[in-house]
Amino acid sequence: MKIRLGTTEIGLFGYLGLWLLVVFVFAAQGVVHDAINGHLWPPGAYLRWSMIQWGTWAALAPLVFRIAARHPIQPPRRLRALGTHLVASAGVTLLALVIGAMVSNAFEPSSAAEQFLQFVSKHAATGLLTYWALLAIQQAMHFLAEKTRREVEASRLATELAQSRLQALKSQMQPHFLFNTLHAIATLLDEDKLSAEDMLLRLSDLLRAFLEDYDGQEISLRQELTLLELYLGIQRVRFKDRLTTRIYIAPDTLDCAVPSLILQPIVENAIRHGIGQRVGDDCIEIESRREDDALCLEVRNRNSSLAAGTADPTGHGIGLSNTRLRLRELYGGAAEVRLDMIWPEGVACRIRVPFRELEEPDDAPEFAPA
Numbered sequence: 000m001k002i003r004l005g006t007t008e009i010g011l012f013g014y015l016g017l018w019l020l021v022v023f024v025f026a027a028q029g030v031v032h033d034a035i036n037g038h039l040w041p042p043g044a045y046l047r048w049s050m051i052q053w054g055t056w057a058a059l060a061p062l063v064f065r066i067a068a069r070h071p072i073q074p075p076r077r078l079r080a081l082g083t084h085l086v087a088s089a090g091v092t093l094l095a096l097v098i099g100a101m102v103s104n105a106f107e108p109s110s111a112a113e114q115f116l117q118f119v120s121k122h123a124a125t126g127l128l129t130y131w132a133l134l135a136i137q138q139a140m141h142f143l144a145e146k147t148r149r150e151v152e153a154s155r156l157a158t159e160l161a162q163s164r165l166q167a168l169k170s171q172m173q174p175h176f177l178f179n180t181l182h183a184i185a186t187l188l189d190e191d192k193l194s195a196e197d198m199l200l201r202l203s204d205l206l207r208a209f210l211e212d213y214d215g216q217e218i219s220l221r222q223e224l225t226l227l228e229l230y231l232g233i234q235r236v237r238f239k240d241r242l243t244t245r246i247y248i249a250p251d252t253l254d255c256a257v258p259s260l261i262l263q264p265i266v267e268n269a270i271r272h273g274i275g276q277r278v279g280d281d282c283i284e285i286e287s288r289r290e291d292d293a294l295c296l297e298v299r300n301r302n303s304s305l306a307a308g309t310a311d312p313t314g315h316g317i318g319l320s321n322t323r324l325r326l327r328e329l330y331g332g333a334a335e336v337r338l339d340m341i342w343p344e345g346v347a348c349r350i351r352v353p354f355r356e357l358e359e360p361d362d363a364p365e366f367a368p369a
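At position 313 of the sequence shown (counting the first as 1) the number is 312 in numbering that gives the first Met the number 0, and the numbers step up by one without a gap.
Check each hint, because a few of them may be wrong.
To be verified - Pair by pair, the computed Cβ-Cβ distance ranges are:
no. : residue 1 : residue 2 : range
1   : 32        : 143       : 14 to 22 Å
2   : 340       : 146       : 50 to 58 Å
3   : 293       : 146       : 30 to 38 Å
Bear in mind the hints are in silico, worked out from the structure with no lab data behind them. C-beta: ideal position from N, C-alpha, C; glycine also.
Kindly generate the complete structure, drawing on both the sequences and the hints.
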């Protein structure tokens, strides 16, 4: 069972325990006060008097909290609320004095009127202070709850903003990929209709796999490689024997979480800046490994180069720019992406993200490189 205090609920036993503590503290104060003055009553009398006084306030506290919740002291009606509480404090204190006098009359030989006068003379000021103390407690609890609510709301809005940014980045990337693929298919229609048809089928499988399997900003590396293999199949049809691919995947990284479609734009960049612009053959290598608490991904191509004196250019295509922004939104400073020259010729794109495993569904497709 719970006691409702305004917008807050507290367990009955906890609530009664707090007020019993107040009863014992004020009973002990009465004993010490009378002992110093040299006139002690029986110990049970002090406990009874304290119980009547503070038990009454324990019963009236929910009313005080309800009034405080309905009339919070905050702009723009702060003065009006203060006036309301001045009247309410006098009324609730008077009610507490009347109830206390009536209960006390059952244990004392004096009349109810005499008991009421005794309560007014001894407990009126304490009653007013008790009302305002309860009001202050309620206001503090209200402001704390409001602060927590606003922090949760701010966190939710920040998350939604980050999701919106990521969706915007993805919307930039997907049309870019589709345009390049459809352009390649259109080119092949005049040269090799069977290859063009094969590319269309692979593109259909890739889009279907993406729409069916993707359910968030992160997927497992296993799923990411399955999507990437569909893309590489399209490029192998396009470039035929000029393009080879090699994939080196550490088994303990297959279930690691990665941003969806993190590799495809990097591989597309490698192809576009390598075999797409240079004569000869090219080899695209994809590697994954774990280093302490990080997952390291590398995409290497052997027929490309960086501008002289540039170790990590920022303007290396929309794919790399979007990758940087997505990693920053998802992981902050815990992730990085960079470009490096490799010997004797080529470029490596190296990505580091926090290592975190995802639980794979039972029907998840197995990655099987071609």
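Go through the numbered hints given earlier and state which of them the structure violates, listing their numbers in rising order.
-> 1
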